[in-house]
Amino acid sequence: MTRPGENSDTDNASPEPRVPAPPAPPRRREPRFAEQEGPAGPRARGLSAQVLALPSRSPRLQLSLPPGNQELTLPAALAVLQGPCALPPALAALSQILEAGHMSTLPQKESRMTTACPGSDSIQGLPGNKGDGLERECSRKPDQKPLKFYGVGDPTAMFCSSSPYLSSRGSIIKWFWDSAEEGYRTYHMDEYDEDKNPSGIINLGTSENKLCFDLLSRRLSQSDMLQVEPSLLQYPDWRGHLFLREEVARFLSFYCRSPAPLKPENVVVLNGSASLFSALAMVLCEAAEAFLIPAPYYGAITQHVYLYGNVRLVYVYLDSEVTGLETRPFQLTVEKLEMALQGANSEGVKVKGLILINPQNPLGDIYSPAELQEYLEFAKRHELHVMVDEVYMLSVFEESVGYRSVLSLERLPDPQRTHVVWATSKDFGISGLRFGTLYTENQDVATAVTSLCRYHGLSGLTQYQMAQLLRDRDWINQVYLPENHARLKAAHTYVSEDLRALGIPFVSRGAGFFIWVDLRKYLPEATFEEEVRLWRRFLENKVLLSFGKAFECKEPGWFRLVFSDKTHRLRLGMQRVRQVLEGQPQVAEDAPPRQNQEP
Amino acid sequence: MGQMFYQESDFENTVISYDLSNRGIDISALYHLSFQDYNTYQGNKYHKDKNTLGYINLGTSENKLCTDLLAERLSQSDMTYIDEDLLQYTDWRGQPFLRKEVARFLTFYCKTPEFLDPENVVILNGHSAVFSALAMVLCDPGEAFLVPTPSYGGFAFSTHLYAKVKLVPVHLESQVTEANGYPFQLTVDKLEQALLGAKIEGKKVRGLVLINPQNPLGDVYSQDSMMEYLEFAKKYNLHVIVDEMYMLSVFDEAITFHSVLSMKSLPDPNKTHVIWGTSKDFCISGFRFGALYTHNREVASAMSSFGYLHSISGIAQYKLRQLLQDREWIDNVYLPSYHFRLQEAHRYVTHKLKALKVPFLNRGSGLYVWINLKQYLDPCTFEEELLLHHRFLDHKLILSPGKAFMCKEPGWFRLIFAARPHLLRSGMHRFQQVLVEQEQEHRVKQLEDAMKEEVSTSQPETPASPVLRKS
Numbered sequence: 001m002t003r004p005g006e007n008s009d010t011d012n013a014s015p016e017p018r019v020p021a022p023p024a025p026p027r028r029r030e031p032r033f034a035e036q037e038g039p040a041g042p043r044a045r046g047l048s049a050q051v052l053a054l055p056s057r058s059p060r061l062q063l064s065l066p067p068g069n070q071e072l073t074l075p076a077a078l079a080v081l082q083g084p085c086a087l088p089p090a091l092a093a094l095s096q097i098l099e100a101g102h103m104s105t106l107p108q109k110e111s112r113m114t115t116a117c118p119g120s121d122s123i124q125g126l127p128g129n130k131g132d133g134l135e136r137e138c139s140r141k142p143d144q145k146p147l148k149f150y151g152v153g154d155p156t157a158m159f160c161s162s163s164p165y166l167s168s169r170g171s172i173i174k175w176f177w178d179s180a181e182e183g184y185r186t187y188h189m190d191e192y193d194e195d196k197n198p199s200g201i202i203n204l205g206t207s208e209n210k211l212c213f214d215l216l217s218r219r220l221s222q223s224d225m226l227q228v229e230p231s232l233l234q235y236p237d238w239r240g241h242l243f244l245r246e247e248v249a250r251f252l253s254f255y256c257r258s259p260a261p262l263k264p265e266n267v268v269v270l271n272g273s274a275s276l277f278s279a280l281a282m283v284l285c286e287a288a289e290a291f292l293i294p295a296p297y298y299g300a301i302t303q304h305v306y307l308y309g310n311v312r313l314v315y316v317y318l319d320s321e322v323t324g325l326e327t328r329p330f331q332l333t334v335e336k337l338e339m340a341l342q343g344a345n346s347e348g349v350k351v352k353g354l355i356l357i358n359p360q361n362p363l364g365d366i367y368s369p370a371e372l373q374e375y376l377e378f379a380k381r382h383e384l385h386v387m388v389d390e391v392y393m394l395s396v397f398e399e400s401v402g403y404r405s406v407l408s409l410e411r412l413p414d415p416q417r418t419h420v421v422w423a424t425s426k427d428f429g430i431s432g433l434r435f436g437t438l439y440t441e442n443q444d445v446a447t448a449v450t451s452l453c454r455y456h457g458l459s460g461l462t463q464y465q466m467a468q469l470l471r472d473r474d475w476i477n478q479v480y481l482p483e484n485h486a487r488l489k490a491a492h493t494y495v496s497e498d499l500r501a502l503g504i505p506f507v508s509r510g511a512g513f514f515i516w517v518d519l520r521k522y523l524p525e526a527t528f529e530e531e532v533r534l535w536r537r538f539l540e541n542k543v544l545l546s547f548g549k550a551f552e553c554k555e556p557g558w559f560r561l562v563f564s565d566k567t568h569r570l571r572l573g574m575q576r577v578r579q580v581l582e583g584q585p586q587v588a589e590d591a592p593p594r595q596n597q598e599p
Numbered sequence: 001m002g003q004m005f006y007q008e009s010d011f012e013n014t015v016i017s018y019d020l021s022n023r024g025i026d027i028s029a030l031y032h033l034s035f036q037d038y039n040t041y042q043g044n045k046y047h048k049d050k051n052t053l054g055y056i057n058l059g060t061s062e063n064k065l066c067t068d069l070l071a072e073r074l075s076q077s078d079m080t081y082i083d084e085d086l087l088q089y090t091d092w093r094g095q096p097f098l099r100k101e102v103a104r105f106l107t108f109y110c111k112t113p114e115f116l117d118p119e120n121v122v123i124l125n126g127h128s129a130v131f132s133a134l135a136m137v138l139c140d141p142g143e144a145f146l147v148p149t150p151s152y153g154g155f156a157f158s159t160h161l162y163a164k165v166k167l168v169p170v171h172l173e174s175q176v177t178e179a180n181g182y183p184f185q186l187t188v189d190k191l192e193q194a195l196l197g198a199k200i201e202g203k204k205v206r207g208l209v210l211i212n213p214q215n216p217l218g219d220v221y222s223q224d225s226m227m228e229y230l231e232f233a234k235k236y237n238l239h240v241i242v243d244e245m246y247m248l249s250v251f252d253e254a255i256t257f258h259s260v261l262s263m264k265s266l267p268d269p270n271k272t273h274v275i276w277g278t279s280k281d282f283c284i285s286g287f288r289f290g291a292l293y294t295h296n297r298e299v300a301s302a303m304s305s306f307g308y309l310h311s312i313s314g315i316a317q318y319k320l321r322q323l324l325q326d327r328e329w330i331d332n333v334y335l336p337s338y339h340f341r342l343q344e345a346h347r348y349v350t351h352k353l354k355a356l357k358v359p360f361l362n363r364g365s366g367l368y369v370w371i372n373l374k375q376y377l378d379p380c381t382f383e384e385e386l387l388l389h390h391r392f393l394d395h396k397l398i399l400s401p402g403k404a405f406m407c408k409e410p411g412w413f414r415l416i417f418a419a420r421p422h423l424l425r426s427g428m429h430r431f432q433q434v435l436v437e438q439e440q441e442h443r444v445k446q447l448e449d450a451m452k453e454e455v456s457t458s459q460p461e462t463p464a465s466p467v468l469r470k471s
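Taken in sequence, the protein lines are chains P and R.
The UniProt record's numbering puts the first sequence at residues 1 to 599.
The UniProt record's numbering puts the second sequence at residues 1 to 471.
In short, the hints are calculated from the structure, not lab data.
Be aware that one or more of the hints could be misleading.
Said to hold, decoys possible - Lysine-lysine pairs mimicking DSSO-like chemistry, simulated, CA-CA at most 30 Å apart: (1) R:Lys445 / P:Lys263; (2) R:Lys374 / R:Lys445; (3) R:Lys166 / P:Lys352; (4) P:Lys350 / R:Lys264; (5) P:Lys196 / R:Lys50; (6) R:Lys264 / R:Lys100; (7) P:Lys352 / P:Lys380; (8) R:Lys166 / R:Lys354; (9) R:Lys374 / P:Lys350; (10) P:Lys352 / R:Lys264; (11) R:Lys396 / R:Lys354; (12) R:Lys204 / R:Lys164; (13) R:Lys45 / P:Lys263; (14) R:Lys445 / R:Lys45.
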């Protein structure tokens, strides 16, 4: 989100008219946490910023607010926004939280997916996975030009109430939870259950792999997992038990195909990648400094770096439209990185690092070694740390895409500033086990993160189980990975064929648990309000998706659809998606021509 | 916890790095200072057969008396259950089944007048995490908590690292000044003095931290005293964080522990927050489990946001539930053995201390005794305290010096006795050696000083003899 009057340089490039700065409190650069101002300050400023960031297709700034469709002039819009939160924070935050898995799980009824999944026999013929492997069916909207190249995130933009019992930052922190809580309740009060609640909500919003529970449950129940050594019950080495760090180093050496064996002393173990981002933000940045992140991105990172660290994200906006040197939608280029960095600098935002997610979430995109190298060179030029989040590295189910870990590069441009994040949550479908790891050659960074590990430790017994799991190369290579990939592929095929039949463009490249779906033609107006409205219509029809705004996507109308679920739920979920879309008028001129549907 | 030497005044950055932020450097330096002994110990632990020259750690308050019982209990078949819910994302406040069990458990062991509500429970991965998150949500950076000292040093760490919250010590004194008083007694008078002092210095105090049973003193607050402290807090609009980590570690049967949750009516229930965990009472510090109980839903909600960063494995949560619900095992097997072993170890150590004529606070709770080694310091300063601490380290023995607890008077140490007998025996042997050595040196020094004086008074111009200079 950009702030009023702060981005004049970049705004020149866009057709967006200059909007005079609203009467907001004076801009301040201090960390929000250090501020003592009352709730009115952040609200007024945050929301006005929100207005400016809204893309508009008409020359006059228009804002339609739920409920109703009334158009507002700027002062009127501000008046509405400064009342009770106009766009319920719950809705905005829900999707982020779903993303982060703020959900309990659905009951498991089926243990096999592949046989039951329609379309699993046509995996080879999956269109769009040839060539560059990316589905390129994005519709073009000639009048929708990019408004911004970057945005400076303000996680508290929508904050609107403070508590007498809490500190200022405590009130914001509570608001994070409450806004999540509300959506969470909606889903939880009405969770789908095949027998008990067949008309309940199907969750295609949370990125969890629900396809391999049978395999994991069996493996984790084997006798080697059950050992209870007294030493496991005592305070550990805060960096993680040595036996586990050794195992992680071996594991990553093998699966990341590192040119030289990785070292246990470069490994720090903690309870999930969320904690890692929190710790890295703390030790690499001062309060109110920032990391660059290409958007759309996994939205939960916003809170991870903000909660304790008070670190912001600067979004590097990517476009669905392919222009110039790009070869695929939402492609990250060094040019875009440079522009975002410059933009942030011009606003006085100090950028300390770059976060790359590879395979990307929510795009499912994969960076080639050459691209990675370019991004790393960019970071080196500007002395930025690079955090490479590879939590989906073993969830590449399309072998032809040729995924390469950053640890496999022969020579890193700046090894001391390259930090790799991995976890078992996604790749092993055990998000509830809370295990994440950092690999960095920089001992200062490793030690600094270790200093915070007291707060992010995991049980010795869990550490032991993780070591046993990662050590079992036979099971991983011969049982787990082939089966997991086959199931992911089958589920992906099913959903992508369904989408194709509906004439819905999407982006997907054979990695991750999700498809990035283009529903722009179903929005009567290209606004985030319409996006939320469509999202709510899905929810009313008992299927939960994540909307693009939660990933800070610049273009309204994109949704992330998670397909790594059991067949019966997936089928029902897709059916409900279809029902909503069929009842939704399409914006005729924006609909892509039929012949574009198949390559 | 490791050794805590953190005192703001003498804390200097020893880490230089071009890759870290200033606060990253600060965090690293503090960690290095605080945990260097602990890390040395981790790398060279005493073992009765394999490494008899390794470090004996009587400094870290870790309960090693009953790991056998816990290992056995945790190996039973009911612990091995796995279902999908345990492996997937869950309620970040803690699994509902565990919050329910914690509420039941505390209702029973804290003898609460009414059933506690699982919705008031927030579960995070350890006491430190709970405290760190509380500091975040109750204070803004630079604001402060009052804490009676000597006090558990980990607070300084947990308030500083992430939250940048300050501690205002309420200095207690060993000297008994009032009738019916006792050493290091906390009074409302002292609380008020400290609060006033903080106000004068311009510090904004948001809360009071009480540890009950106290660490490192081993004191258990009477109901009346507790009520006075709570009334004080209410009067000045302060939150009260009551840390009851040692509530089941009261081994002297003559002492009755009263949980703050047992009070019929709390003066300010919306500002009273209780922390408990299994690290001390159940000897499983490696399990990483801490719970907050608060009537204040706003605090509970704000704390829940941290569930993400301080989460516990679903499998571990299941095991904890199984453990806490096994009331029969806890009451009939675990607690009796645990208390018996604490009594034995305490008796052994206090007997030794008496024989060595080392004064100490004789309390019946906790895993530690607070001992007075002032007589071994000459002069009685914190520098000498640190030197004595290093002498212990030279003899491969770790104790915690009083400064780590923000004690105002030099010379106090905390000695952990919750160790297996062979370890305790070797540890106390080393302890005795150090004191003997210290005493000898002390005597030589006194003699030298006396000689110097003599020399200087008789022949002021003559330099000291080589023999004397050698020391």
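Against the structure, the hints come out as follows:
{"no.": "1", "hint": "R:Lys445 / P:Lys263", "in the structure": "violated (50 Å)"}
{"no.": "2", "hint": "R:Lys374 / R:Lys445", "in the structure": "holds (16 Å)"}
{"no.": "3", "hint": "R:Lys166 / P:Lys352", "in the structure": "holds (28 Å)"}
{"no.": "4", "hint": "P:Lys350 / R:Lys264", "in the structure": "violated (53 Å)"}
{"no.": "5", "hint": "P:Lys196 / R:Lys50", "in the structure": "violated (59 Å)"}
{"no.": "6", "hint": "R:Lys264 / R:Lys100", "in the structure": "holds (22 Å)"}
{"no.": "7", "hint": "P:Lys352 / P:Lys380", "in the structure": "holds (11 Å)"}
{"no.": "8", "hint": "R:Lys166 / R:Lys354", "in the structure": "violated (38 Å)"}
{"no.": "9", "hint": "R:Lys374 / P:Lys350", "in the structure": "violated (52 Å)"}
{"no.": "10", "hint": "P:Lys352 / R:Lys264", "in the structure": "violated (53 Å)"}
{"no.": "11", "hint": "R:Lys396 / R:Lys354", "in the structure": "holds (23 Å)"}
{"no.": "12", "hint": "R:Lys204 / R:Lys164", "in the structure": "holds (13 Å)"}
{"no.": "13", "hint": "R:Lys45 / P:Lys263", "in the structure": "holds (24 Å)"}
{"no.": "14", "hint": "R:Lys445 / R:Lys45", "in the structure": "violated (34 Å)"}
Of the numbered hints listed earlier, those contradicted by the structure are 1, 4, 5, 8, 9, 10, 14.
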